[in-house]
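Enquirer: Letter by letter, the chains look like this.
There are 2 protein chains.
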Amino acid sequence: MNIPDPYRLESHPLLIIVSGPAGVGKDALIRRLRQRGHPFHFVVTATDRPPRSGEVDGVDYYFVSGDQFARMIERGELLEHAVVYGQNKGIPKQHVREALTSGLDVVMRIDVQGASTIQRLVQDAVFIFLTASSDCELEARLRARGGDTEEQVQKRLAAAREEMDRLPAFDYVVVNRDGELNSSVDDVLAIIRAEHLRVDQPVVAI
Amino acid sequence: MNIPDPYRLESHPLLIIVSGPAGVGKDALIRRLRQRGHPFHFVVTATDRPPRSGEVDGVDYYFVSGDQFARMIERGELLEHAVVYGQNKGIPKQHVREALTSGLDVVMRIDVQGASTIQRLVQDAVFIFLTASSDCELEARLRARGGDTEEQVQKRLAAAREEMDRLPAFDYVVVNRDGELNSSVDDVLAIIRAEHLRVDQPVVAI
Chain A
4 MNIPDPYRLE
14 SHPLLIIVSG
24 PAGVGKDALI
34 RRLRQRGHPF
44 HFVVTATDRP
54 PRSGEVDGVD
64 YYFVSGDQFA
74 RMIERGELLE
84 HAVVYGQNKG
94 IPKQHVREAL
104 TSGLDVVMRI
114 DVQGASTIQR
124 LVQDAVFIFL
134 TASSDCELEA
144 RLRARGGDTE
154 EQVQKRLAAA
164 REEMDRLPAF
174 DYVVVNRDGE
184 LNSSVDDVLA
194 IIRAEHLRVD
204 QPVVAI
Chain L
4 MNIPDPYRLE
14 SHPLLIIVSG
24 PAGVGKDALI
34 RRLRQRGHPF
44 HFVVTATDRP
54 PRSGEVDGVD
64 YYFVSGDQFA
74 RMIERGELLE
84 HAVVYGQNKG
94 IPKQHVREAL
104 TSGLDVVMRI
114 DVQGASTIQR
124 LVQDAVFIFL
134 TASSDCELEA
144 RLRARGGDTE
154 EQVQKRLAAA
164 REEMDRLPAF
174 DYVVVNRDGE
184 LNSSVDDVLA
194 IIRAEHLRVD
204 QPVVAI
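Keeping their order, the protein sequence lines are chains A and L.
Numbering (my numbering) for the first sequence: 4 to 209.
Numbering (my numbering) for the second sequence: 4 to 209.
If the Cβ cut is set under 8 Å, some of the chain A residues that face chain L in the computed set are:
#: 1; residue: F173
#: 2; residue: R196
#: 3; residue: R201
Please keep in mind that the hints were generated in silico from the structure rather than gathered at the bench.
We put the CB at the ideal spot given by N, CA and C, even for glycine.
Same shape as in the complex, but just chain A:
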């Protein structure tokens, strides 16, 4: 009898993309997911924006200068990169390669623009769209985060409204409600667990 074994024999590492508009809590979700101690390989994004309070270089982001970022682009070292609200963000190719050979599930946080690019490059990734539960909640979070001018907050909100239109291209939607971050993390963990149990689970390759 040919018994399929989703854990020991036939389950392949997954590439999980966590995306969504600015302010929905992507960074907080990834941080909490790390704290839970599951054996995931987290791909760290490079950015030339300054660290926010509590952010650690090499864990939350690779914080580089504008010049360094420009050199990474020139040398073709980025899988994709985008200017998000005037700040550069990009995924170093080298990290993705390392991640995919680690044998672990790979979790990648990326803005909605970037997710579209990855969707063209990798069809068999699992695309999760993180969202706030309402426009007001999103606005409140963007303000609470600080560091943005009123104009920037308005820009981010307008962009978020547009980015919501990209939702149908994603596989899953997780509503990250105020004070319910653990529930959102549980949602993501359930998605990853279920995807491993899919009969037609694909092999991801970049």
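Place chain L on chain A using the hints.
Expert: The following block gives chain L in isolation, referenced to the frame of chain A:
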């Protein structure tokens, strides 16, 4: 902004089919799932086989006589029915209707034959295939269960081998290992949670 809300606005009840060869532990899994206290609506199968030790009428099965079962067929009261190893099993239509109007997720345990029938009737159900981790494990369980003759055990094993071929028609596979029933239940719960988060979650109707 049109925020989709998978729990409060747009999440529809799911129809979850738990199937798999005899001896893989479908009944034990459903029983443990009930014990966990999640608000599911369990569809109870009617059968004319005698109760096994500990089985409760109306909870594990509706235990009816051969005559009663024949009348249910005559009256068209069954959504589907099949003869499994000489014993009749069938899903009362009335229970499925009640279940689908309950607003809760509906969990239905059914043999592999029956699952094929349901697949033709309802495309948007979630089909979970439960399996043992090996042929030996399955054989040991069938023997431990008692009440079967050697010939019956051999018949069930041969049928199980054939039923494994139906796996590609299912959405998910859960390997129910000896002593790891809780892990299998967690698998099923993860599948249900993830299915609620799908962007293209369908509405089930029978």
